[in-house]
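Colleague: Residue numbers (this note's numbering), protein chains in the order written: chain A, 345 to 691; chain B, 345 to 691; chain C, 345 to 691; chain D, 345 to 691.
Be aware that one or more of the hints could be misleading.
Identical copies go unnamed one by one, so any copy, or any two together, can satisfy a pair.
Unchecked claim - With a Cα cut of at most 25 angstroms, we get these calculated SDA-like pairs of lysine to any residue:
#: 1; residue 1: 463; residue 2: 411
#: 2; residue 1: 509; residue 2: 406
#: 3; residue 1: 509; residue 2: 599
#: 4; residue 1: 463; residue 2: 514
#: 5; residue 1: 463; residue 2: 646
#: 6; residue 1: 509; residue 2: 465
#: 7; residue 1: 509; residue 2: 397
#: 8; residue 1: 463; residue 2: 488
#: 9; residue 1: 550; residue 2: 601
#: 10; residue 1: 597; residue 2: 373
#: 11; residue 1: 597; residue 2: 515
#: 12; residue 1: 463; residue 2: 685
#: 13; residue 1: 597; residue 2: 482
#: 14; residue 1: 509; residue 2: 398
#: 15; residue 1: 550; residue 2: 400
#: 16; residue 1: 597; residue 2: 572
#: 17; residue 1: 463; residue 2: 622
#: 18; residue 1: 597; residue 2: 380
#: 19; residue 1: 550; residue 2: 622
#: 20; residue 1: 597; residue 2: 511
Hint data in this document are derived by calculation from the structure and do not stem from the laboratory.
Protein chains: 4
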Amino acid sequence: MTISVGIFGASGYTGGELVRLLACHPSVRIAFVTSERHAGRPLSSVFPHLASLPELICQPLEVSRATACDVAFCALPHLASMDVVPLLLEQGIRVVDLSADFRLRDGEVYQAWYGAAHKAPALLDEAVYGLPELGSRSAIRQARLVANPGCYPTSVLLALAPLLKEGAIELETLVIDSKSGVSGAGRSATQGSLFAEVAEGFRAYKTVGHRHTPEIEQELSRLAGIGMRVRFSPHLIPQSRGILTTCYARPRKTLTPGEWREMLYRFYQDEPFVHVLPLGEYPATNHVRGSNQCHLAVALDERTGWLMVVSVLDNLVKGAAGQAVQNMNILLDLGESAGLEQLPLFP
Amino acid sequence: MTISVGIFGASGYTGGELVRLLACHPSVRIAFVTSERHAGRPLSSVFPHLASLPELICQPLEVSRATACDVAFCALPHLASMDVVPLLLEQGIRVVDLSADFRLRDGEVYQAWYGAAHKAPALLDEAVYGLPELGSRSAIRQARLVANPGCYPTSVLLALAPLLKEGAIELETLVIDSKSGVSGAGRSATQGSLFAEVAEGFRAYKTVGHRHTPEIEQELSRLAGIGMRVRFSPHLIPQSRGILTTCYARPRKTLTPGEWREMLYRFYQDEPFVHVLPLGEYPATNHVRGSNQCHLAVALDERTGWLMVVSVLDNLVKGAAGQAVQNMNILLDLGESAGLEQLPLFP
Amino acid sequence: MTISVGIFGASGYTGGELVRLLACHPSVRIAFVTSERHAGRPLSSVFPHLASLPELICQPLEVSRATACDVAFCALPHLASMDVVPLLLEQGIRVVDLSADFRLRDGEVYQAWYGAAHKAPALLDEAVYGLPELGSRSAIRQARLVANPGCYPTSVLLALAPLLKEGAIELETLVIDSKSGVSGAGRSATQGSLFAEVAEGFRAYKTVGHRHTPEIEQELSRLAGIGMRVRFSPHLIPQSRGILTTCYARPRKTLTPGEWREMLYRFYQDEPFVHVLPLGEYPATNHVRGSNQCHLAVALDERTGWLMVVSVLDNLVKGAAGQAVQNMNILLDLGESAGLEQLPLFP
Amino acid sequence: MTISVGIFGASGYTGGELVRLLACHPSVRIAFVTSERHAGRPLSSVFPHLASLPELICQPLEVSRATACDVAFCALPHLASMDVVPLLLEQGIRVVDLSADFRLRDGEVYQAWYGAAHKAPALLDEAVYGLPELGSRSAIRQARLVANPGCYPTSVLLALAPLLKEGAIELETLVIDSKSGVSGAGRSATQGSLFAEVAEGFRAYKTVGHRHTPEIEQELSRLAGIGMRVRFSPHLIPQSRGILTTCYARPRKTLTPGEWREMLYRFYQDEPFVHVLPLGEYPATNHVRGSNQCHLAVALDERTGWLMVVSVLDNLVKGAAGQAVQNMNILLDLGESAGLEQLPLFP
């Protein structure tokens, strides 16, 4: 069986990554790709690394062409996505949306953080938050619309889920310090993303108030069974891909380092994409680059009693396009790892 | 049918890259990997990006264990490889050797450049130089021993082969200026490869006398049908992977830019891994990174009449492990692209 | 007046940086530089960026030669420094020591973290911890031995001193997340510092138990007037220079963001090397690179009530050689900024 | 004596670099800086690394304000500069122009390469091409208008001048392969200069037809005493600063490697900013970064008889702002090295 997929918004980094993964997926055919800006041009002129796919021509964004596909990936910017997704659903197309538009349950929260009223609030309840490792597989399987999680939230939630499930930390002490490569800022030309500005220039940004905060809070609150607010601060790494998140909290249990590691290990032991490192090994973003993997490490500071969990993932794969493919695989029962078995590229 | 392969010297960058590619090859099972230095340890502790392959344990280098495999990849350093390869052949194992030990036909040339007498000179004639795009496929298919080309020579030969075949350039004007990422220097700890030495530090090195020179000369001479000496200068790029080679020569034919491009295009039109770019597009190493592809571009400087050809490839893939897998595929008739269909990782 | 200085251990990054700064210092003459490993060779062959200083020849480490200098900078590794410093003091030479050997007051703490008994415990009390902005100028001026602070501690202490002086935060909630460029690991060839390992490979390391922890605790405790233990986690940035430290704590005061900024601003308003950024601006390591400056930013997360302070500095300048020159300037009353007025190199 | 200088176009990388150097120049006061785009804002908000210069406020571009200065630096884009420079000269202000507008002697050549008729052709003859090491010091001293050379031309001319003066190479065999860091493309936001596009992405660009070609040809022709056309191909290095140029030619003389090195050494032996490396040492861009130095190396390929010269410099210093300050120093007899004595920043 071959599935036909369409990709809306193929000229950004996330769109290019969807093409990279889907073009090698054993059960998938890319029916079309859209790019308003580059309509009519071969995608390989926009992304020269796709030179071996000369047949992909950028189409204008016309929802009606989606009838040619079984599943649509929507890699449009937030605000744009909520215009398109309802029309796709009306045509009976199942959608994996990679924007932020359908991740938040509460339309008012959306408006507060994204500065615009939501145009399809009825879909907010229906959309399934697509983080399979956190227990939503059966809901994803039946979904019409999967809201693909943000890159930072994926890194935070995978790190903290086992602890919250067990009620193992004091929530009010939790500090989340995240670091991301610059591809997370997208492919638009902005001075702040220039090589000469970023190289040798590790920096903090949006120290408070990053838009991924409410998404993290919504999902952590669900896991903890109690409303939470979190301290979340992102930083910019002089590298293209990768997120590393360091979480700090005071534990509510007295366990040995090995027992803490065991808590995480058990939670993820059947997961193909999450690896819990041995005690004393340190995660690095180039250990997962280009793959759908997430590496986790836990450490107990025995002098102060605090616990740390560190996660790494590739923001464009497990943090975006790879997770979207994983969600499609679940949606269509194609085998959750299909097309995602590539190993990380190191060095 | 599943082929069993063994990898001698798995703890260097080339060895790690062989594992990355072969672990996802549809027809291959990795029977064993060796590393003297790390014998007994899981390969994933040497290469944390291979965390999903916990079953691979580094073995000591014992040739007798090769009986478990159909093909052996030898990723040992030069000088070491010529000790091991003859023993493998004696056991009836076919070998793809990634070192420099069997690339040169002439044992005296080998000794002059590598500083030691060759220990298996009888094999120098037998070994097949494994650059499939240059016409050696039938020889590779029947070979016991394939000498996998060097990274710089591959980038030079793919750029120049079409011109030499046509006698299209004045050989005595040829200048070859190559630039390589630092993974080409291997994984050994040397001060000159430290991040703080390399970053922001593009440099020339071995301006004259790089050991890949005689290999380039041997193969260019064969293509040109006349003995040649070349000016070849390598440089070090502050990046991990990738080679870009710029070739300059005065042409012996008066052609338009389009006709020059057509000459290269026709030469490679049926090749799955070589792309000749449209006129006016510029190759970049991150357009091929992680893939077995080579991109070529040609330009005619109409003011001076000189011709330029630029090639890019990933030194660890088309310049080493990927080409080795391609050679194995030919050797065993597995389909030349099997296991090599991954698209480049960009950005 | 020209001061003669000697530099012990000139072939490491810190030593090279001392030469860079001192060679342009208006009141200083470099009398000698030592390097056991490179004795007899020009320093410019060890550090080609010093090609314009051909007269500096590496000397063997002989303490007796220090009689030629007014002040000695000791940039030897820890454990080695405590052998040399007492001999220098005996000769009446004033010393700025850049190792960790004289930073801790308590010999037992030293032994616990550095794995060896201290050989000159009597000097631990005498040595002045040389962080001028934190109030030790008069002690420095009269010191025989200045212990130059570590790079991480400098970044942490400058960020937190104003808050601790005011008793403004809940100490038990404090979390310190630091990130450093790879030059902090020194110039020795180690696999973990290779370009191909570090590039695109942001990582955590020594998540607990980094040796700068007791130094941070000692000085924070002094500032707070109460014994403290801290959660301090370092990370490695794929860049050569620069440290960024993010500190999180729950405040004990209810102030506006502007009032918090004002608290830091007032503390440092007369300091030439510390800049408190306007609210909403974010510090970056390439805004201070190559200079002796430290930039600080403060932010209040009004949703959760927590406070953040971020500091950036160049680990080789304000975190090492620059601060050592600043201490020498105070010691000899040369004008605290002499030789340190270079502006940061950007980009 | 304090000289007042003005900087037109201070918000680009070249402008920022002029400020960095001039703010520490012992004989200079920066009277004003202009930036149309940021007029009214402190320059430190445009360039946070200049936080210690809060008094510099961006002014609108008004030529009349130049009356406040003795010398004006014009760091405007080409085409814009030729509008401003004549007005400055009319006011009796001496000008160092860093654009391309006054470098070419022939207005028709200018028009052919820059696509617009020159608006001040009478000044083309008067302008002095400001490359002091090539013999123009006395002309510079008396100039009203100094045309500051381009970055690539400086790297090429310093490498080749000694050889051309001696008639030592066959001009028709000359090949010039240059590599530049990305700051040369300026601070404007363009997709091609984004970190994620440039990192790991060494590339060729403008393989033929780069606008620095006629400037190189004009000056080489002058040195050689005969009209020349050159093969000049630039490449983009994934780093911020630095140019490395490799020149290849067949010699017309039979000399030993040591004699070739001696030829270059003698030419530059009294020059403070040009270092000819010992035979066998290789230049690297991070050996000169941030300084006004140029390092040169020569190698003879004894197997083929060809000669190579390699030069490195910092494109923003010796390739732009540093050379401009050097020209100002000559113009005003301030001591040619004044304000340019900073050593390179390594690592």
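Colleague: Each hint should be assessed against the structure and marked as holding or not.
Modeller: Taking the hints in turn, this is what the structure says about them:
1. In the homo-oligomer, the alpha carbons of residue 463 and residue 411 lie at most 25 angstroms apart inside one protomer (23 angstroms), although the nearest pairing across protomers, at 58 angstroms, exceeds that limit.
2. Taking the closest pair of Cα atoms, residue 509 and residue 406 never come within 25 angstroms of each other, the shortest separation being 43 angstroms inside a single copy and 49 angstroms across copies.
3. In this homomeric assembly, residue 509 and residue 599 come within 25 angstroms of each other (Cα to Cα) only inside a single copy, at 16 angstroms, whereas the closest approach across copies is 35 angstroms.
4. Neither within a single protomer nor between protomers do residue 463 and residue 514 lie at most 25 angstroms apart by alpha-carbon distance, with minima of 37 angstroms and 44 angstroms respectively.
5. In the homo-oligomer, the alpha carbons of residue 463 and residue 646 never lie at most 25 angstroms apart, since the shortest distance is 50 angstroms inside one protomer and 29 angstroms across protomers.
6. In this assembly of identical chains, the alpha carbons of residue 509 and residue 465 never lie at most 25 angstroms apart, being 29 angstroms within a copy and 50 angstroms across copies at closest.
7. Taking identical chains as interchangeable, the C-alpha atoms of residue 509 and residue 397 are never at most 25 angstroms apart, the minima being 45 angstroms within one chain and 29 angstroms between chains.
8. Proximity of residue 463 to residue 488 under the C-alpha cut-off of 25 angstroms is restricted to the intra-copy arrangement: shortest distance 18 angstroms within a copy versus 64 angstroms between copies.
9. In this assembly of identical chains, the alpha carbons of residue 550 and residue 601 lie at most 25 angstroms apart only when taken from different copies (15 angstroms versus 33 angstroms within one copy).
10. For a Cα distance limit of 25 angstroms, the shortest separation of residue 597 from residue 373 qualifies neither inside one copy, at 50 angstroms, nor across copies, at 45 angstroms.
11. For the identical chains of this complex, residue 597 and residue 515 are neighbours both inside a copy (13 angstroms) and across copies (21 angstroms), given an alpha-carbon limit of 25 angstroms.
12. For the identical chains of this complex, residue 463 and residue 685 are neighbours neither inside a copy (37 angstroms) nor across copies (41 angstroms), given an alpha-carbon limit of 25 angstroms.
13. Proximity of residue 597 and residue 482 under a CA criterion of 25 angstroms is satisfied in neither setting, with 32 angstroms inside one chain copy and 48 angstroms between copies.
14. In this homomeric assembly, residue 509 and residue 398 never come within 25 angstroms of each other (Cα to Cα): the closest approach is 48 angstroms inside a single copy and 28 angstroms across copies.
15. In the homo-oligomer, the alpha carbons of residue 550 and residue 400 never lie at most 25 angstroms apart, since the shortest distance is 37 angstroms inside one protomer and 27 angstroms across protomers.
16. In this assembly of identical chains, the alpha carbons of residue 597 and residue 572 lie at most 25 angstroms apart whether taken from the same copy (20 angstroms) or from different copies (22 angstroms).
17. Taking the shortest Cα distances, residue 463 and residue 622 never come within 25 angstroms of each other, neither inside one copy (47 angstroms) nor across copies (37 angstroms).
18. In this homomeric assembly, residue 597 and residue 380 never come within 25 angstroms of each other (Cα to Cα): the closest approach is 54 angstroms inside a single copy and 43 angstroms across copies.
19. For the homomeric pair residue 550 and residue 622, the shortest alpha-carbon distance between copies (14 angstroms) is at most 25 angstroms, but the shortest distance inside one copy (33 angstroms) is not.
20. Proximity of residue 597 to residue 511 under the C-alpha cut-off of 25 angstroms is restricted to the intra-copy arrangement: shortest distance 9 angstroms within a copy versus 30 angstroms between copies.
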